[in-house]
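Just so you know, the sequences run in chain order F and V.
Its first residue numbered 74, the first sequence is counted upward by one per residue in the numbering used here.
Its first residue numbered 147, the second sequence is counted upward by one per residue in the numbering used here.
A couple of the hints might just be wrong.
To be verified - Each pair of labels, with its calculated beta carbon distance range:
1) Lys631/F with Ser191/V: 33 to 43 Å
2) Lys194/V with Lys622/F: 34 to 44 Å
3) Ala401/F with Arg352/V: 57 to 67 Å
4) Lys360/F with Gln411/V: 51 to 61 Å
5) Ser364/F with Pro226/V: 36 to 46 Å
6) Lys622/F with Ser191/V: 34 to 44 Å
7) Glu393/F with Asp244/V: 52 to 62 Å
8) Tyr421/V with Ser364/F: 30 to 40 Å
9) Thr582/F with Glu348/V: 45 to 55 Å
10) Asp363/F with Tyr421/V: 32 to 42 Å
11) Gln414/V with Ala401/F: 32 to 42 Å
12) Gln414/V with Lys631/F: 53 to 63 Å
13) Tyr421/V with Pro541/F: 34 to 44 Å
Because the hints were derived from the structure by calculation, they are not lab data.
Quantities reported herein were computed from a predicted structural model and do not represent experimental measurements.
Every residue gets a Cβ at the ideal spot worked out from N, C-alpha and C, and that includes glycine.
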Amino acid sequence: MSMSLSLWGSFASCAPVCYRRNWRVANPPQDAILPHKPVLVAFVLLLASLLPAQTLERAEAFWKARRFQEANDVFRALVAQNPKNPDYKVRWGRLYLDNSQPDIAVDLFNEALQLKKDHAGALLGLALVAAEDYESVAADLAHQALASDPKLVEAQELLARLALEDNDTAKAAEEANKALALGAKSIGGRAILATIDWLAGKKDTAFDPHAARGYETAGHFFVINRRYEEGVQYYRKAIELDPELYSARSQLGVNLMRLGQDQEAYTQLETCYKNGFQDAATRNSLKLLDSYKKFDTVQTGLIILKLDKKEAELLRPYFESEMERVIATYEKKYRIKLAKPVRVEVYPDHEDFAVRALGMPGLGALGVTFTSATYGSFIAMDSPSGRPPGSFHWASTLWHEMSHVFTLTLTDSHVPRWFTEGLAVHEETAVSPEWGDRLAPPVIMAIKDKKLLPVAELDRGFVHPTSPAQVVVSYFQAGRICDYIDDKWGWATLLAMLRDFGNDDDTATVVRKELKMESVEFDKQFLVSVEAGTKNVVDHFDEWQKRLKQVNALSKSKDYDGVIKEGVAIRDMYPDYVEDGSVYEFLASAYLAKDNKPAAIDELERYVKAGGRNPDSIKLLSKQLEDAGRKKEAADVLVRLNYIYPMDNDQHQALGALWMDAGNLAGAIAEFRAVLAHNPIDPARSHYDLARAYQLNHQPEQAIEELLAALETAPGYRPAQKLLLELTTNEAK
Amino acid sequence: MKLFWLLLLAALSAPATTFYVTISGLGGEPDYEQRFKMWAEDIDSSLKRAGGDSSVVTLVEPTREQIRARFAEIAKQAKPADALVVMLIGHGTFDGVDYKFNIPGPDITGAELGALLDRVPATRQLVVNMTSSSGGSIEALRRPARVVIAATRTGTEKNATVFARYWAEALRDPAADADKNEAISALEAFHYAQRKTADFYESQKRLATEHAVLEDTGKGEGERVPSAENGEGRLAAAFPVVRLGANAAAARDPAKRPLLEKKEQLEQAIDKLKYEKAAMPADAYKKQLTQLLLELARTQEALDK
């Protein structure tokens with residue numbers, strides 16, 4: 074998920090504020106956009122031409138006609154003529170915001186605030202920009218705007234929206250009613266109240282806004298609650314009422330894409346683009362759809378894989394086999410059979426994956442899942458080639474996302490974010506203790522500073538985090554809560570909770586019903602458990618940090634005895650630390666430098682068991698084990714690496730050879746095929762290796778095919794010649 | 147064309163000496179110094195391990211005078227039938243006109259290196275310049291009958307390179323011998339190192355700052371993909387850098403000459419068939435290829451007895 078990392082200042086003092094966002098600044102629109110309604114166009118333009126030049130009204134008239142360039146020109150002139158007027162800057166900023174250029178909008182709002190430090194419109198503008206990125210500061214800004222202008226309906230509407238995004242229905246209703254009290258016609262207020270009813274399954278509501286913007290709001294909430302099909306319906310209603318509401322049309326396109334309806338998605342997005350609505354989601358989604366010709370799509374049963382052509386042959390067997398394993402496991406565990414296919418899209422370019430996750434709250438940095446009753450489920454994720462080796466465990470991500478497929482299917486997407494994420498994190502380590510993310514420094518700090526959220530408010534940590542680190546902490550906390558419930562009450566209780574959520578019970582109700590306690594009490598007990606489980610790390614974290622630096626310095630100065638003494642002393646203070654410069658790796662290097670190979674092997678084994686993912690260290694362990702005659706273990710280590718980084722031909726070659734040696738011919742064939750699938754540097758040798766594996770596996774025809782391929786590349790390749798003669802002689806007999 | 151066949155003949159027939167000169171230049175900082183020296187030593191040990199009739203010299207951070215002296219010695223010893231292989235590892239610079247190889251004391255220019263090589267009578271020459279900005283040296287180094295490989299496409303690719311690491315690896319990795327003729331040619335080593343360099347940047351998710359090129363026509367700018375279309379690579383394909391086996395032994399046994407002739411005919415027939423592959427029905431191609439490969443295998447078996 075595209076998490077904005079912009080640093081928002083403190084708003085407490087209402088001092089003049091100046092914010093800069095991290096976004097790219099697009100060029101202002103160059104082409105005039107003519108609306109489609111001729112009568113309206115004529116009226117607007119007549120109005121514009123009758124008005125005196127360079128007035129706010131003239132700018133607004135052009136804006137209303139979606140003639141952004143002309144509106145922009147008038148605003149520019151107005152601001153130049155009236156540099157001390159903050160109102161013009163704010164309206165100009167809103168024009169940019171409406172035209173999907175929030176960076177420029179933020180600059181203008183900030184300029185307005187420098188002229189008038191509590192300008193309600195400017196504060197609201199900043200709040201709207203922050204809300205687009207789910208930044209928690211949006212609520213503070215909206216409150217400040219209301220403090221400055223208590224009758225600012227739009228700020229009140231925004232507060233209602235933010236509360237509902239946090240799944241705080243009661244507060245959302247309260248804020249929406251306040252908006253209606255300020256303005257009885259408040260579409261935003263009505264839309265929030267109607268959406269609360271619609272999300273709860275009430276088809277008839279007294280608050281139906283009967284307005285395009287209102288249905289667009291409903292669409293947004295269905296989407297962020299992962300109910301994409303219903304979201305699409307509301308976006309359709311929105312553009313039926315106002316075909317020029319391109320923000321809704323664009324979201325319709327984006328969400329059709331999420332449901333695999335690529336053709337209609339393209340049409341809708343292209344319409345937006347051609348009519349000048351070219352925000353990042355529209356542009357990038359169109360670009361991604363255009364790039365799909367580079368992908369191969371293959372279906373086996375319920376599994377559909379969409380893989381980049383250049384790596385499809387290599388990755389397909391690994392992904393297919395893992396998908397079969399995960400579906401079999403989860404069908405048993407969640408007690409449901411998948412009825413609809415699951416499409417897994419694997420993107421070698423992280424930017425392409427990011428497009429699929431654009432506009433969704435939460436981290437979503439590794440994978441994202443969309444489910445629907447009609448079209449099945451869709452997972453988009455990075456390819457193992459999309460990230461530096463060792464930084465990404467693709468299989469763990471796949472199991473995480475597939476867990477969402479099951480939890481969302483089981484509950485018809487009526488499950489709070491914290492619970493589906495928590496189960497997904499829980500599943501990562503349930504499949505293998507070595508998988509899943511480790512206890513990261515931000516989590517240690519959060520435990521130390523008692524910053525974990527109450528379970529009933531945990532969604533807030535995903536949707537409106539107070540900092541990027543809070544998302545990481547929330548994933549950890551949600552996962553640990555599910556681990557804790559599984560340990561204490563058992564898997565059946567987790568399943569029962571899932572069903573309760575599917576019946577639209579809220580977290581407090583579900584905790585009360587299944588765990589027989591109030592959620593406040595649960596928080597207390599959970600915290601005791603987490604603190605007990607992490608006490609060693611939390612207590613020693615500062616000391617560990619200081620001493621790790623010493624180990625690093627000792628290693629650089631080649632004081633290997635010092636590395637061993639200090640490394641052993643601090644390793645277990647923070648055993649989960651397996652990132653760059655881990656104690657395990659320092660120790661293994663030191664042991665090898667002192668020619669103590671058994672100790673190096675022990676250390677590297679600890680490293681992989683703790684979840685270490687550095688391919689070089691894993692390959693080193695495999696090599697050391699092989700040299701020590703422990704070939705089966707050496708092979709097992711490389712199998713682990715295939716789940717992390719299967720893009721390295723040397724590794725497949727080595728594993729193939731180890732499997733041949735161990736008599737695992739099916740494994741050897743798979744690995745040698747992987748080498749051939751990845752444009753080997755020595756194709757003759759690769760075909761020959763595969764031929765040998767086929768020969769030993771009593772598949773002479775396939776062996777001969779491979780030998781002919783080897784010899785076609787290198788006719789004089791003697792081992793291949795000898796084997797070909799041997800096989801053809803046997804065949805003749 | 148005539149020159150090419152003469153060189154090919156020289157490469158395949160008469161016993162000759164190959165003079166190898168590997169030079170690692172100034173690192174500038176301990177990390178690079180260590181790296182450059184390690185790669186040079188890696189190449190040195192591969193060449194010495196390969197044996198054969200060769201003279202292997204490796205210079206670590208030599209001065210310009212030491213380089214001149216070494217080439218003067220080789221110029222005295224070498225004959226036209228011999229081969230010269232020069233490999234440069236380190237940092238280079240290019241100011242738009244002159245390429246310079248960074249060494250202790252005054253740097254040595256591409257033009258001066260070219261002149262030193264010109265004085266060596268060995269007809270077949272290979273220069274592998276693996277420094278940063280090495281693309282800037284092509285113009286000064288190229289000439290007919292000389293293969294020039296540069297780690298960078300132009301002199302403006304200024305970042306430190308990793309090509310040398312993979313060139314060194316190519317000389318000891320049998321995988322680099324793509325046609326399995328027991329010799330790693332300059333073209334095979336180039337392809338190997340080029341591919342591994344690209345993989346390095348790809349896997350690290352780093353923008354590639356070096357793009358190796360090869361020039362062996364004496365007049366080109368250097369090509370990323372040497373091919374029949376651009377005329378580059380033919381000389382390099384016939385320039386063995388390292389021999390991995392004793393495949394020349396059979397050539398010296400008169401009793402086996404008929405078998406050798408048959409083998410050559412079969413190899414030519416296979417090449418011809420592969421050339422015609424696109425225009426043939428797949429089944430017919432496969433059938434003929436299988437027959438030829440089997441016959442070649444039997445002939446080789448007879449030769450090996």
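Which of the listed hints are not met by the structure? 1, 3, 5, 11, 13
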